[in-house]
Structure formats: C-alpha cells, structure tokens
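Participant: Here are the chains, one letter per residue:
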Amino acid sequence: GAGVSQTPSNKVTEKGKYVELRCDPISGHTALYWYRQSLGQGPEFLIYFQGTGAADDSGLPNDRFFAVRPEGSVSTLKIQRTERGDSAVYLCASSKQGFDEQFFGPGTRLTVL
Amino acid sequence: KQEVTQIPAALSVPEGENLVLNCSFTDSAIYNLQWFRQDPGKGLTSLLLIQSSQREQTSGRLNASLDKSSGRSTLYIAASQPGDSATYLCAGATGGYQKVTFGTGTKLQVIP
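Residue numbers (the working numbering), protein chains in the order written: chain P, 71 to 183; chain W, 792 to 903.
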C-alpha cells in the first residue's frame, strides 16, 4: 500500500514569508508525528497527533509554528514569519496507534533565504 | 528528559564483517526503541521495533537487543554488504505520550 507522502519535496522561501507543509499518513493510522532534521543531526520531535488532537506539542520551537489535523488524516505544518534558522528537512511519520512502529515520509526540505 | 547517544558516529568495515552499533539512553522508563536507516537525502526506513517487554527482535541479517536496566540497545548486522552503507538511527519513546527522542546516528560504510 501507499506509504507516508509529503508535499512539497522542496520549498524555497524568503525570510518573513509564510509556508505550509503537508503530510498524508498511511491510511488508517491514527497517530501522526512531525520532526525537524538539521544536517548531521537526528530528527527532533515537534508535535504528535492522536486523531485530530495534538497530544503533545512540546517540541514546537515557538509560536510561529503551528500544526493541524482537522479530519484525523492529512496534517499541515504551518510556519509564520519564517527565519533562516528554520531551514531544515521536515519529516512526517505515522503509526497505527501511539507507541507502534513509525513509518516516515521522504521529508520536505525547507530553505529560507 | 530522555537523551539518546550513538557511538561511534562513523564506522567503516570490509564487506562480510559482522558488526554492532550501539545506542544508549538515559531514561529507563522507555516504551519502545526503534532502529532506522537513512540513506543520503532520503527519509527514514524502519528496521526493527523492540517493545519494552521484549529483549530482542530479528529481521533477516539484523538483530536488535534492548536492555532497559543498563540503558542500552544494540543493532547487530551479520555478513555486512555494501548496500548496508547508510546512517543508522535509534529512537526511544518515553513519557505519557508518544514522544520520541532520536540519537544522532552512526554512519556506516561497508567497503567492497
């Protein structure tokens, strides 16, 4: 079956702009996670959804970052007033339920100029 | 706060050699530990998941173990092949919710 997909694969934007990154989880997976990965580092947890609700958003770095999952499937990570330090690969993962095996998408490489 | 460490950061071995990758974590109240591989410019591929009640998991040439009391997990790769060259990451899930902490990875190169 289809895996986790993310769009766009690459996004280049200018400092101060707003961006949206989309994640389509595996069908039927109730848990969805967002991570951010900088070069040479492991992924850093941002937020975890169980169904439509954000069960843990403690990894979001500040209030410029926000994520939604209105129907319990597709999720959108939104970044306002982007800064150069936001440049990274944003990874999405899903699992059947919390604490199950996580399956990752290919990521969105965000570059803020 | 959970901290996950992977040593060594890089490893180069000749083809055919058996090898062990190490992962250490500080919070023994771990729900599960997952091993991934990441190829350059790609996402993560799940290799093995060990639940806290398990001691090890096997898939093909891969065997992962978990020792909660010592805060360690190992990934054993038998008869390494050049196609095994990648970065290997471990990730531990702790806390009341599924909060996962990753190590920084071990970059493996298998030389033909």
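Don't take each hint at face value.
[Said to hold, decoys possible] Heads up, simulated EDC-like pairs for lysine to aspartate or glutamate below, C-alpha to C-alpha not over 16 Å straight-line:
hint: 1; chain 1: W; residue 1: Lys792; chain 2: P; residue 2: Asp94
hint: 2; chain 1: P; residue 1: Lys166; chain 2: P; residue 2: Glu114
hint: 3; chain 1: W; residue 1: Lys898; chain 2: W; residue 2: Asp830
hint: 4; chain 1: P; residue 1: Lys85; chain 2: P; residue 2: Asp156
hint: 5; chain 1: W; residue 1: Lys792; chain 2: W; residue 2: Asp818
hint: 6; chain 1: W; residue 1: Lys792; chain 2: P; residue 2: Asp126
Bear in mind the hints are in silico, worked out from the structure with no lab data behind them.
Participant: Does each hint hold? Answer for all of them.
Facilitator: Cross-check of the supplied hints:
no. : hint                   : verdict
1   : W:Lys792 with P:Asp94  : violated, 30 Å
2   : P:Lys166 with P:Glu114 : violated, 21 Å
3   : W:Lys898 with W:Asp830 : holds, 10 Å
4   : P:Lys85 with P:Asp156  : holds, 9 Å
5   : W:Lys792 with W:Asp818 : holds, 7 Å
6   : W:Lys792 with P:Asp126 : holds, 15 Å
Hint compliance for this structure: hints 1 and 2 are broken, all remaining hints hold.
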